[in-house]
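Peer 1: With the sequences and hints as input, model every part of the structure.
There are 2 protein chains.
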Amino acid sequence: MPDRSTPSDDKPIDLPQPAVGRLSLYYRELHRLLESQQGGVNSQQLGKLVNVSPAVVRRDLSALGTIGRRGVGYDIARLIERIGDVLGSGMQWKVVLVGVGSLGDALLRYRGFERLGFQLSAAFDNAANRIGSTIAGVRVLDAALIESFLAAEPAELAILAVPAEFAADIADRLVGCKINGILNFAPTTLKLPPKVAVVNVDLASELQRLAFAIQTQK
Amino acid sequence: MPDRSTPSDDKPIDLPQPAVGRLSLYYRELHRLLESQQGGVNSQQLGKLVNVSPAVVRRDLSALGTIGRRGVGYDIARLIERIGDVLGSGMQWKVVLVGVGSLGDALLRYRGFERLGFQLSAAFDNAANRIGSTIAGVRVLDAALIESFLAAEPAELAILAVPAEFAADIADRLVGCKINGILNFAPTTLKLPPKVAVVNVDLASELQRLAFAIQTQK
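Protein chains in written order, with full-length UniProt numbering: chain D, 1 to 218; chain E, 1 to 218.
Just so you know, these hints were derived from the structure itself, not from any lab.
It does not matter which identical chain is used: a pair holds within one copy or between any two.
Once the Cα atoms are required to be at most 27 angstroms apart in a straight line, the calculated DSS-like pairs of lysine-lysine come out as:
| no. | residue 1 | residue 2 |
| --- | --- | --- |
| 1 | Lys94 | Lys195 |
| 2 | Lys178 | Lys48 |
| 3 | Lys195 | Lys48 |
| 4 | Lys178 | Lys195 |
| 5 | Lys191 | Lys48 |
Peer 2: Quick look at the structure:
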């Protein structure tokens, strides 16, 4: 066994956001290494794949109780399992998507979710020409059915890809249906009870961050 | 004049990434306030709109040399101008997009970019059925033409929405065409010269961050 791990337990580990982001990247690259038939990886190799130093890799992984062996490194399969446990990817998460415009359509077709344990159970829209269609295996239902669908088939997470002006109303309805977390692509800040987790992805803001990085480098 | 500003100069301001992200959100909400005909805003109102404390708003804005007046607040139009200067949104940025799959298609149709000064000059793909089409006013050209197009019409930024296996090659070609920054949606880490800025958006990682947040809240 090329690495030693402390026994995993059910207590959640408290990790800062940047570490969670890095774990998610290690996880992605480890899957790729596993597909290419490799058995072990060291902190230098893993660091190189995600552009961080070997010391950061070792610190992140030791926070999970996983310690690489000098000259041998980490067992890839065990590391995937451990990171998956911590990130919740070992679990199956039910996800609904609201808003099947071009972005929602792209998200339904995105194949990266399922591999990580996220299962899209339904999509919702209010446009007659979208309702009733099936996109990448997911049914598009009338947004009026959000409550009745989730009462019958509860989901933990929702992806919100509606225009900004509808986001607050839809988010409130989802929270009323016991959704615990929202991945929000609508360019607006949602006001939700503290028990509901939100991750915002604002595409224009990301391009602005890039433009800022370029300006300061000049 | 409801606020005092230090004269803007051309030296870039050094801001940490989270502050840049917040400025981008203030900027978005200020545009909305301006549309609703408001003239002034105070740090409490602005903080409420983006879920941060008034003290954080005041600190972020004073880093730009912008100080609100007690009881009056900030002049919205001037604040937009100042944040836009800092974020580079006052500038016009030429942007090309590579990869017109469903995500690339959604990004071309996304209306948030133009308002912030990002102008999509062309999109590139290698699929015969996409080449020659026009999406949201942007021509889709053969990816073989990236070099000749950018030689004739230089761009500063590129949006990369190709499958992971093509990302490294396309990124190298874009850097060879003097692209200064890449917004990377491909689920892979790019290795680029340090002078090239990269912002990565990994959709599956965002959902993983959300799942992690829920687990630790339970």
